[in-house]
Amino acid sequence: MKRRLRDVPPALAMLVPSMALLAVWTVYPLVMAFINGTKSCDSTGRRCNDVGWQQFSNVWQSREFQHALGVSLKLAAMTVPAGLILGVGLAVLADKHLRGIGFFRTAFSSTVATSVAVASLVWFVLLQPEIGVLSDLFHEWIPSLKQPGLLRDPGTALPAVALSSVWAGLGFTFIVITAGLQGIPRDLYESAYVDGAGSWRRFTNVTLPMLSPSILFITVVLTTRALQTYAEVSLLTGGGPNPEKSTTTIPYLIYGRNSVIQNNLGLKSAAAVLLFVISLVFAIVQFRGFEKRVQYAR
Amino acid sequence: MRRSSRTPFLVVAAAGLFVAACSGGDSITDTGATNPPQTTTADGSTPVETLAPTTSVAPDTLPDCPTSALADAAGTVELTFWHGMTGPLGEELDSLAAAYNASQDAVKVNLISGSYEETYDKYLNSSQSSRPDMVQLPEYTVQGIVDTESVVPVGKCIDDAGFDLSHFLPVALGAYQTQGVQWSMPFNVSNPVLFFNKKVFEAAGLDPASPPQSLEDLRAYAQQIVDSGAAKYGIALDSGFDSGGGWYIEQWFAKAEEFYVDGDNGRTNRATKVLYDNDTGVELLTFLQDMINDGLAVNVGDNSGTGYDNLLKLADEQQPAAMTIATSASLGPVLDVLGSGQFPQITGDDVGVGPMPGPGGAPGALIGGASLWIVDKDDPVKAAAVWDFITFLVSAESQSEWAAATGYVPVRDDAADVEPYATTLANDPRFAVALAQLEASPEGLTSAGPVVGPLREMRSVLAVAVAAILDGADVKASLDDAAEQANNLIADYNARNS
Numbered sequence: 389m390k391r392r393l394r395d396v397p398p399a400l401a402m403l404v405p406s407m408a409l410l411a412v413w414t415v416y417p418l419v420m421a422f423i424n425g426t427k428s429c430d431s432t433g434r435r436c437n438d439v440g441w442q443q444f445s446n447v448w449q450s451r452e453f454q455h456a457l458g459v460s461l462k463l464a465a466m467t468v469p470a471g472l473i474l475g476v477g478l479a480v481l482a483d484k485h486l487r488g489i490g491f492f493r494t495a496f497s498s499t500v501a502t503s504v505a506v507a508s509l510v511w512f513v514l515l516q517p518e519i520g521v522l523s524d525l526f527h528e529w530i531p532s533l534k535q536p537g538l539l540r541d542p543g544t545a546l547p548a549v550a551l552s553s554v555w556a557g558l559g560f561t562f563i564v565i566t567a568g569l570q571g572i573p574r575d576l577y578e579s580a581y582v583d584g585a586g587s588w589r590r591f592t593n594v595t596l597p598m599l600s601p602s603i604l605f606i607t608v609v610l611t612t613r614a615l616q617t618y619a620e621v622s623l624l625t626g627g628g629p630n631p632e633k634s635t636t637t638i639p640y641l642i643y644g645r646n647s648v649i650q651n652n653l654g655l656k657s658a659a660a661v662l663l664f665v666i667s668l669v670f671a672i673v674q675f676r677g678f679e680k681r682v683q684y685a686r
Numbered sequence: 003m004r005r006s007s008r009t010p011f012l013v014v015a016a017a018g019l020f021v022a023a024c025s026g027g028d029s030i031t032d033t034g035a036t037n038p039p040q041t042t043t044a045d046g047s048t049p050v051e052t053l054a055p056t057t058s059v060a061p062d063t064l065p066d067c068p069t070s071a072l073a074d075a076a077g078t079v080e081l082t083f084w085h086g087m088t089g090p091l092g093e094e095l096d097s098l099a100a101a102y103n104a105s106q107d108a109v110k111v112n113l114i115s116g117s118y119e120e121t122y123d124k125y126l127n128s129s130q131s132s133r134p135d136m137v138q139l140p141e142y143t144v145q146g147i148v149d150t151e152s153v154v155p156v157g158k159c160i161d162d163a164g165f166d167l168s169h170f171l172p173v174a175l176g177a178y179q180t181q182g183v184q185w186s187m188p189f190n191v192s193n194p195v196l197f198f199n200k201k202v203f204e205a206a207g208l209d210p211a212s213p214p215q216s217l218e219d220l221r222a223y224a225q226q227i228v229d230s231g232a233a234k235y236g237i238a239l240d241s242g243f244d245s246g247g248g249w250y251i252e253q254w255f256a257k258a259e260e261f262y263v264d265g266d267n268g269r270t271n272r273a274t275k276v277l278y279d280n281d282t283g284v285e286l287l288t289f290l291q292d293m294i295n296d297g298l299a300v301n302v303g304d305n306s307g308t309g310y311d312n313l314l315k316l317a318d319e320q321q322p323a324a325m326t327i328a329t330s331a332s333l334g335p336v337l338d339v340l341g342s343g344q345f346p347q348i349t350g351d352d353v354g355v356g357p358m359p360g361p362g363g364a365p366g367a368l369i370g371g372a373s374l375w376i377v378d379k380d381d382p383v384k385a386a387a388v389w390d391f392i393t394f395l396v397s398a399e400s401q402s403e404w405a406a407a408t409g410y411v412p413v414r415d416d417a418a419d420v421e422p423y424a425t426t427l428a429n430d431p432r433f434a435v436a437l438a439q440l441e442a443s444p445e446g447l448t449s450a451g452p453v454v455g456p457l458r459e460m461r462s463v464l465a466v467a468v469a470a471i472l473d474g475a476d477v478k479a480s481l482d483d484a485a486e487q488a489n490n491l492i493a494d495y496n497a498r499n500s
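In order, the protein sequence lines correspond to chains A and B.
Here the first sequence is numbered in the numbering used here, starting from 389 and rising by one per residue.
Here the second sequence is numbered in the numbering used here, starting from 3 and rising by one per residue.
The following block holds chain A by itself, in its conformation from the complex (with noise of 0.2 Å):
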């Protein structure tokens, strides 16, 4: 116990500078964020009405905000199933000791070295219709390519906006799933050769969970970007195609180039903290759901 209140002094030195970052740049605005989601300002920002919590409740219930977590929702549920699988698929694949296996493994991490920009640059390019390569090549098979465009057609933008973003964020998916392949001990996938299991129960049935912190860190990873997904969406559509508003994700809706909000800080406020909470909320659901299923290595 001693030795312990001796310890106290120096772990708190080492904290500090992590613990002021946070409080800095975490705790201080998202603080901020909830005064400021209580209140109404004119435009100095000095003078202010307090509403109080009202104004929460008023942006949860406005069909704006409703119509914005219905499309963030609908990208979570398409892009982490999807990068989940896919970033697992090829991790597993090239967690081979194979000749040239080298050159697999750069090729899928490599999207980690690029901005979601980038990424999103490149797809908007691939996806333009009136000069975009794929219409170009593809618009007598694929006449939405031309007209009116994957990104114009209501129907295609956001899944076309869930393809870029899991494509820019397969790279990190493969690096952490492949660091969690490379933990699991090889001699219980010999023991389970042993006992008669084939490759696909030895995937299923040694791989699979040995992966599970993995796969949890990953799925509360993607959940939360995909609920944060806005510049994919300010690069390849703008929240359009209107007048649907297909792709006007809840951070779109509150910082967008075209949010009807713009000018009200006190209800883009509102609106972030909303978010917060809903992230939070899931990451929690997730963490309780899968914790029992969890194998961390002891």
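Wrong hints could be hidden among the right ones.
[To be verified] Cut-off 25 Å, straight-line C-alpha distance, at most; resulting in silico cross-link-like pairs (DSS-like, lysine-lysine): (1) K478/B / K534/A; (2) K124/B / K427/A; (3) K234/B / K534/A; (4) K534/A / K201/B; (5) K234/B / K275/B; (6) K110/B / K124/B; (7) K478/B / K275/B; (8) K200/B / K234/B.
[Claimed, not checked] Residues of chain B clear of chain A, computed beta-carbon distances all greater than 10 Å: (9) L72; (10) K110; (11) S168; (12) F289; (13) A467; (14) K478; (15) N499.
By construction, these hints were calculated from the structure, which means they are not laboratory data.
The C-beta atom is built at its ideal place from N, Cα and C for all residues, glycine as well.
Use these hints to put chain B onto chain A, whose structure you have.
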């Protein structure tokens, strides 16, 4: 076990998210209007008297601009300038600023660029101390910036310096005036013009030297282009908020000599409602909808992404359009891009430019583009330094160079006598179209365009309605719906700012 007992609650909470996501509700634009702020200050002191919707600005309460203060500066004054020029336009502005910095050592300007929207957002969301010394903002921000009470009106500097405005376009100055105050200095002036493919016009038997003036002409031209098979579509239309879905509608109302918002376009009194849900609006949008329904026009959507989708439709090899409407500011960049010859469908020389066709064929256009604002830093030296840089940017020489490189209209008529713009105009009449439109604008406040606090958000609201209309929705109902939302936005804004 203690932990898992909470799980059902969380699952229910998560399920609640989904259920709530399905129920309808009021518009978010209503929420603010029901909660007008009271004028109380944070420290509980007596509130400062604010501008009531009907009173005029009291010029004595606005900050002064002692332009001679620059002489008192100790050493070089460093200025920060936020601007909205990107791509080739940004490079041109950089070179103007470099020329200014090299020409004298009293002032050094540092430029920070973003899009118009980013610059405006950043400005609104910054505290006064983190705002720049000078900012360039687009025409739709006038009322929004005035209400931040954060600027030195350039009119004060003009008066103090006895600055000669005789060569300036009155309509350009007027766009940045409300209630008799010259708030900012016009710098880059643009307006929408008709871009067309001369090759297609010739193939359709049309004269590229006489592009359509009225909406009836536009339809007849499009019909002939489609009938002759010269191009798949006559014109590419878009519903972007700063193009076909918002800005052009304001332009068409000005051309029809009608107000867009009440209060004489918000110029004499604060605007309280939009007027575009009237017969003029219905007629105009019905016309556009019919063009699409009859296969004469193609809808390229909200022109998001690059903002050039409508222009790219002219370069489309398989299903091109012959015409589109775009800002005159894109003329320079468009000629640059097409000049490289990467699009066989249209080269730089094939691009024709005509006035924006409008109701009745009346000439005229609203001022678009942006102006330069002096931020009130409570420092006469800074304000004087910004003023010095502004006088450089709006000199005939700078305006000549700027206009020749970009396609923007010079803010003063004598820029046309100075090189390089004099040669540009003589060699390429396409650069003269936007200026001619402005000079032909009818007198009066309808030609000054709307000033209203949430004009940008109102454009977004209208853009959704225009998109619906181009997709075939009922014109009157769509406009009524947009007008209701826009009026809510104005009510909320005015409630917060009066």
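How the hints compare with the structure:
no.	hint	verdict
1	K478/B / K534/A	30 Å, violated
2	K124/B / K427/A	20 Å, holds
3	K234/B / K534/A	13 Å, holds
4	K534/A / K201/B	23 Å, holds
5	K234/B / K275/B	40 Å, violated
6	K110/B / K124/B	22 Å, holds
7	K478/B / K275/B	17 Å, holds
8	K200/B / K234/B	15 Å, holds
9	L72	28 Å, holds
10	K110	30 Å, holds
11	S168	34 Å, holds
12	F289	19 Å, holds
13	A467	7 Å, violated
14	K478	15 Å, holds
15	N499	5 Å, violated
This entry does not satisfy hints 1, 5, 13 and 15, going by the numbered hints stated previously.
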